[in-house]
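Residue numbers (our numbering), protein chains in the order written: chain A, 1 to 209; chain B, 1001 to 1194; chain C, 2001 to 2209.
Keep in mind the hints are simulated off the structure, nothing from the lab.
This one's a predicted model, so the numbers in the text were calculated from it and none came from an experiment.
Each residue gets a CB set at the ideal place from its N, CA and C atoms; glycine is no exception.
A couple of the hints might just be wrong.
To be verified - Here are the simulated PhoX-like pairs of lysine-lysine, each with C-alpha atoms no more than 25 Å apart in a straight line: (1) C:Lys2019 to C:Lys2097; (2) C:Lys2018 to C:Lys2003; (3) B:Lys1035 to B:Lys1092; (4) C:Lys2002 to C:Lys2018; (5) C:Lys2130 to A:Lys3; (6) C:Lys2097 to A:Lys42; (7) A:Lys152 to A:Lys165; (8) C:Lys2012 to C:Lys2130; (9) B:Lys1164 to C:Lys2018; (10) B:Lys1164 to C:Lys2097; (11) B:Lys1092 to A:Lys3; (12) C:Lys2097 to B:Lys1063; (13) B:Lys1155 to B:Lys1035; (14) A:Lys165 to A:Lys42; (15) C:Lys2019 to C:Lys2002; (16) C:Lys2002 to C:Lys2012; (17) C:Lys2003 to C:Lys2019; (18) C:Lys2130 to C:Lys2018.
Claimed, not checked - One side only, chain B facing chain C, incomplete, derived with CB under 8 Å: (19) Ile1021; (20) Met1024; (21) Ile1028; (22) Val1053; (23) Ile1054; (24) Ile1077; (25) Tyr1098; (26) Met1167; (27) Gly1168; (28) Lys1169; (29) Leu1176.
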Amino acid sequence: MNKYVRMMVFVGILGTVSGGLLFGTGAITNSLIDANADALLKSEVLTAHGVEFNFTNIHDVFAESTTTIEVEGEYEAEPFTFTYYQDNANGTITFGFGPTFGGGVWGPIIGLLSLENDFTTIVRISVLQQEETPGLGGIVATRAYLDTFEGKTIGLGDDAINIIKDLDVLTAATNEVRSITGATRTSTQFDIILNNAYVAHRLVWEARA
Amino acid sequence: MNLIELFIASILNHNIALVYILGMCPLIAISTNVKNATGMGIAVVLVTGLTAVINWPVYEFLKTTGTEDLALLVFMITIATTVQFLEILIEKYLPAIYSSFGIYLPLITVNCIVLAVSLFFVNRDYSFAETAVYGFGSGFGWMIAIILLAAIREKMFIRSDLPKGLMGKGIAFILLGIIALAFIGFTGIANVTA
Amino acid sequence: MKKFFARLNYTKSFNVLKKGFWLENQVAIAVLGICSSLAITNKVENAIAMGLGVTFVTMASSAFIALIRNFIPSQVRMVTYMVIISTFTIVVQMFLKAYFPALANQLGAYVGLIITNCIVMGRAEAYAVKNPARYALVDAFASGMGYMIVLIAASTIREVLAFGTFLNMPVMGEDWVPWTIMALAPGGFFIISLFVWFIRDRQQFDESK
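Bound-form chain A, shown alone (with noise of 0.2 Å):
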């Protein structure tokens, strides 16, 4: 019987003290956590609109160029608010795509899209979070793979973005990109989680006008 109480306080100590370090360490990190991934949300979409900041005037900047736009709607019977960040002065659309659409492989995959005012050509893919194979699935959140993306066209139904295995990049058409070699797994949970949250955005972005 004793050595069941003791066993029994032991636990409940260890889980106390590491319950406290975790809740301690995350009311100390979180306010930091979340101002880093606000700026770093906003300089992915500045750098999308071309607009020029630096880190200090940079929610200024964000203020003043970019219109945020809140639509609550709702996805797959679960409410979802659909934001859109609009660029005042070239009407560049951006937005955000996450665990709601889909996965990665090994984790979320969340990053942003912006969009031309046609809400058809792509400006630029940015992947904030993800939890890919380093080196293999990893490469999807890579300057070099997302800037293959740029100019290309996403569409719905039949003008959904493509991304293809072994594809020719001469011959290929507006709405194809080539997969990661070695990463076939990656590469299509990343069109499915594009293709998705394309869909579901335009589809309010479209109601509201």
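With chain A fixed as given, assemble chains B and C onto it according to the hints.
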């Protein structure tokens, strides 16, 4: 999500041992003969399926209290506790089975696939039925991998003239590499997400 | 000089170091930490990051477990190790995300891999729980470094063959046709098996003993 398709996918083109390369340490350590491998495999199927089924409602509870960041820690605690309870139960009520594979149970707590299945159902937003099928299917896929490897190693031990450095675990790597290469051929056969 | 080394052989720390680096190299002899070795060794920078991460976590958790080793009830050993290791890793990740966000983004995939890494648990169970903290630290350092060295060696071969680069600097010239298999899992298996073979052969290691 078609459950049969999910089950087939978790054994073939999303086999957690040969395609995701998880659970390697016990796979290589216990695959010396088919008897041990089968014992370990059955234990893994049981634990993986059971913990997936238990962790799903636990995660739903975490979602309602908004503390999903603790998910990793909580999953591991439930896994370790489940394995501990299983060990106590089996030792008490099925002593014959305990003596033949009871030693493997504590080893399973550190088997990466048990935690990985829980993390995957979170990532892919599975329903309860899908989690159960995926959990048992993954365990079953792992079991197939270890039995395959054990069968080959058992024969090799008797018949092959291996260099000293490759005997034992060394050759297991090369064999696994070849089997993993073969499993790449299953790509696209079934999906794990809708 | 020879006398110095002969004397050194009698010190416990040196023996612990020798064991961790070579005689009981975690990858080649003990065959632990394999999941991460296979996934991470496709690029040298990943191997370095993972090696450092594992060494750091192993040292911290081994030291801590060695300090409280007299209080841990034997039935809850495994749970204790897991809770300590995962709490520590998550706390470190939170600090990284708050103060070094770019680094934390790149290491996002590794956290899960480090927590379930058999080496961390293995050193805790095999050494830290039976030895004083200062030796547990040395043992953890040696095991982690032994692991990292094998990883760097394996990833050098894999990166050069699979991508034609070393630490992202091209070394194979323009016309190099990459060996994609070296970037995938089977390539990892084959290369690691070469190291297992080499190290075991040099030590004339007999597994059945």
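Going down the list of hints, with the structure as the test:
At roughly 35 Å between alpha-carbon atoms, lysine 2019 (chain C) and lysine 2097 (chain C) are farther apart than 25 Å, so this suggested pair is violated. At most 25 Å may separate the alpha-carbon atoms for a hinted pair to count; lysine 2018 (chain C) and lysine 2003 (chain C) meet this at roughly 18 Å. Taking the CA atoms of lysine 1035 (chain B) and lysine 1092 (chain B), the gap is about 23 Å. The hint holds against a cut of 25 Å. Of the pairs offered as hints, the one joining lysine 2002 (chain C) and lysine 2018 (chain C) holds, with about 17 Å between alpha carbons and a cut-off of 25 Å not exceeded.
The hinted pair formed by lysine 2130 (chain C) and lysine 3 (chain A) meets the criterion: a straight-line CA distance of about 20 Å does not exceed 25 Å. With a C-alpha separation of about 17 Å, the suggested pair lysine 2097 (chain C) and lysine 42 (chain A) falls inside the 25 Å cut-off, and the hint holds. For the given pair, lysine 152 (chain A) sits about 17 Å from lysine 165 (chain A) by alpha-carbon distance, which is consistent with the 25 Å threshold. For the suggested pair lysine 2012 (chain C) and lysine 2130 (chain C), the alpha carbons sit about 15 Å apart, so the restraint of at most 25 Å is met.
For the proposed pair lysine 1164 (chain B) and lysine 2018 (chain C), the alpha carbon gap of about 22 Å is at most 25 Å, so the pair holds. For a cut-off of 25 Å, the pair hint linking lysine 1164 (chain B) to lysine 2097 (chain C) is broken: about 47 Å separates their Cα positions. Taking the CA atoms of lysine 1092 (chain B) and lysine 3 (chain A), the gap is about 19 Å. The hint holds against a cut of 25 Å. Note on lysine 2097 (chain C) and lysine 1063 (chain B): the hinted pairing holds, with a Cα-Cα distance of about 22 Å set against a maximum of 25 Å.
Among the hinted pairs, lysine 1155 (chain B) with lysine 1035 (chain B) is consistent with the structure: their alpha-carbon atoms are about 13 Å apart, no more than 25 Å. Restraint check for lysine 165 (chain A) and lysine 42 (chain A): the C-alpha separation of about 33 Å exceeds 25 Å, so the hint is violated. At most 25 Å may separate the alpha-carbon atoms for a hinted pair to count; lysine 2019 (chain C) and lysine 2002 (chain C) meet this at roughly 20 Å. This hinted pair checks out: lysine 2002 (chain C) and lysine 2012 (chain C) have alpha carbons roughly 18 Å apart, not beyond 25 Å.
A hinted pair counts as satisfied when its Cα atoms are at most 25 Å apart, and lysine 2003 (chain C) with lysine 2019 (chain C) qualifies at roughly 21 Å. A C-alpha spacing of about 19 Å is found between lysine 2130 (chain C) and lysine 2018 (chain C), which places the hinted pair at or below 25 Å, so the restraint holds. Hint on isoleucine 1021 (chain B) holds. Least Cβ distance to chain C is approximately 5 Å, under the 8 Å limit. About 4 Å separates the beta-carbon of methionine 1024 (chain B) from the nearest beta-carbon of chain C, less than 8 Å, and the hint is met.
Taken as an interface hint, isoleucine 1028 (chain B) checks out: its beta carbon lies about 6 Å from the nearest beta carbon of chain C, inside 8 Å. Proximity of valine 1053 (chain B) to chain C is violated relative to the hint, the smallest CB-CB distance being about 20 Å (cut-off 8 Å). Violation of the interface hint for isoleucine 1054 (chain B) is found here, the shortest Cβ-Cβ separation to chain C being roughly 15 Å, above the 8 Å cut-off. Because the closest C-beta pair between isoleucine 1077 (chain B) and chain C is about 7 Å apart, less than 8 Å, the hint holds.
Annotation: interface hint on tyrosine 1098 (chain B) violated; nearest CB of chain C at approximately 16 Å, more than 8 Å. Satisfaction of the interface hint for methionine 1167 (chain B) is found here, the shortest Cβ-Cβ separation to chain C being roughly 7 Å, below the 8 Å cut-off. The beta carbon of glycine 1168 (chain B) comes within 4 Å of a beta carbon in chain C, closer than 8 Å, and the hint placing it at the interface holds. Taken as an interface hint, lysine 1169 (chain B) checks out: its beta carbon lies about 5 Å from the nearest beta carbon of chain C, inside 8 Å.
For leucine 1176 (chain B), the interface hint holds, the least distance from its beta-carbon to any beta-carbon of chain C being 5 Å, beneath 8 Å.
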